[in-house]
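Novice: Residues per chain are reported as follows:
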Amino acid sequence: MSEERSERGFYVGYAALPRRHRVFLLIALPIALAGLALGAAGLALDQPDWGTGFWETGAAREFRGTITLEPYPVLHTTGGEVPASYLLVEMGKFGSADRFTKMPEIDGATVSIRGRELHRDGRRMIEIDPDHPALGPPVAVLPADRPAVPPHRENAPDAVTLRGEIVDSKCYLGAMKPGAGRGHKACATLCISGGIPPVLVVRDGDAAPVYYLLTDPGGEGLSGSGLSVLLPMIAEQIEVRGTPGHLGSWRTLRIDPGQFK
Amino acid sequence: MTNRFVWVSWNRHKRAYDAVVLGAMVLYLAVFTGVSIATTEAAPDPMVLAIRATGTLAIVTLHIILCIGPLARFSDRLAPILYNRRHLGVSMFCVALLHAALVLLYYGGFGAVNPVEAVLLEGRSFASIDAFPYELLGFGGLLVLFLLAATSHDFWLDLLRPQVWKWIHMSVYGAYALVVGHVALGSIAGDDRGSISFSLLGVGFVVVASCHLVAGIRELACDETGKRPLADQTEHPDREGWVEVGVVDDIPEDRARVVCLAASTGAPPLRGERIAVFRHHGGISAVTNVCAHQGGPLGEGKVINGCVTCPWHGYQFGVEDGQSPPPYTETIATYRVRVEGRTVLVDPKPLPPGTRVEPAFFEASPHDERLFEDPDVERADPSVDESADLPLRDKEPDA
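Listed in order, the protein sequences are those of chains A and B. Numbering of the first sequence is given in our numbering, commencing with residue 224 and proceeding in unit increments. Numbering of the second sequence is given in our numbering, commencing with residue 883 and proceeding in unit increments.
Quick caveat, the hints were computed from the structure, so don't treat them as lab data. Using N, Cα and C, we set each Cβ at its ideal position, and we do this for glycine too. Treat the hints loosely; a few may be bogus.
[Claimed, not checked] Here are some, though not all, of the chain B residues that point toward chain A, as calculated from beta-carbon distances under 7 Å: (1) SER918; (2) ALA994; (3) GLU999; (4) SER1007; (5) LYS1184.
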């Protein structure tokens, strides 16, 4: 090795670059940079799909409809082309149950809510705007000029077993993209711990995914120990057995978190 | 006159090196971002895109850093890439830190618990692979990389002593294991994708492992070739305890032959020691093969201005006394040598670092003349500025 070196220039960092090193670098460097760019492109193409979530930006707008508080606060509207059920959440990683706990009389009332819409695959959500000195509180009960329309509720008699991924509905519907997968697990766990409604996403090949709002066996929102059992399962492909149903335009699934696989 | 540490002792190569590193990182981020935007109908989430781009860039750079060392042993053409590796390492740490900061802010922020707890522990279980907090592995890797970046300066090398510093910096392999675990258990394994990412991670591991394996095998083979037992003393009683290196003609001018002491040379302190035996201006001198700076292979260096010059960072030591030229104070062990006829012998007992040893001179032979006349042999590389007064280190003379 030593003899081989003696026939060639010797590189010293603080001296002039020997010719053979210069020639080598002039050839190798562009090739290495091209390889790096190719690697970057390959890795970018291999990233998970970003999803089709949407998060409205700009000024908050007003939504009107009937509010229900169980299992999670939902605004049911009838003004659009089709009836829609909007999950209601706060800014940040918090559900809106705390807000409405202080105003239980609002359950079933016609209300106006100021906020921004999130949606994905027809599932909808409103992020409630915070209190604003000029605009006032974001939630207001409207005078009942006609009786509020109760949302469609239905529960199937038989339990089913479904395989899917539990996501936090806010990020999945558009607050973050893609808002799913293990890379998003920490965020989804924080969101669901904070009261964002958990949703089971069931994918079957190329068919459109089916979404289930998860509730406890009694049809109420998951909380306490039931929620704690669910947290480690978030963002993983799991089997869930539960009783399906409907709440407005949302499918629901009454589950026993102790039976997760 | 003393010397002092400076943040960076800039020279042309370091500026060019850093410009290339910065340009390459910008190129990577631009291509990753551009391809991500161009290949999706909906606009990607800019924060998640930044998290992915910085995360992948950090691990790609870590692979490159790990391969530089062994690759530079395969061909000294890669010495310019090794020279300023510290800056590449610190740059990689900065990218990894940015990745971690974005994750903490975006995934861990805006919630009811502090971001660190949210990302590392919330809803996690060490009993399950699926719920294993893979972010902890990345966080552990980042801490190790921080330790390495923070102590990368020669100030710390000087303070901690090279052996301790070297051991600390070997933990880069621990950081690599943690980062591979972080990526494999986390962002890749959890998603129903990743054929390219998994393959690249596997290929990266194989490349890193192969480079080190081949370099290690070559090193062992080199040691085997250069292994020298104690000289036969039946005919030469005065050679007791000395090692026969070979003949002077085997050693090129201003270069060295590395010998590795065989088991018969004594107890562990000497056994396996590598000695670089240099030929310079008609004399033979021997010094340890280990550079006092970062343990570089001095035997693969060259004598410039009467100093053995390390191939890694250009640290210099007098070929006769093992002392760095003033005002630098580093010293290396020297060895007693003698030449009998054309045979070179070295006493394997190292002398205290910095001990002057007169070279063992030998008579020039016709072979030497031929060596000088051979047009294919480059005796002195004109492109190397041998008149340079002092090596430019991150420790500079303080007038």
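Novice: Does each hint fit the structure? Answer for all of them.
Specialist: The hints, checked one at a time:
| no. | hint | in the structure |
| --- | --- | --- |
| 1 | SER918 | holds (5 Å) |
| 2 | ALA994 | holds (5 Å) |
| 3 | GLU999 | violated (9 Å) |
| 4 | SER1007 | holds (5 Å) |
| 5 | LYS1184 | holds (4 Å) |
Violated hint for the displayed structure: number 3, the only one.
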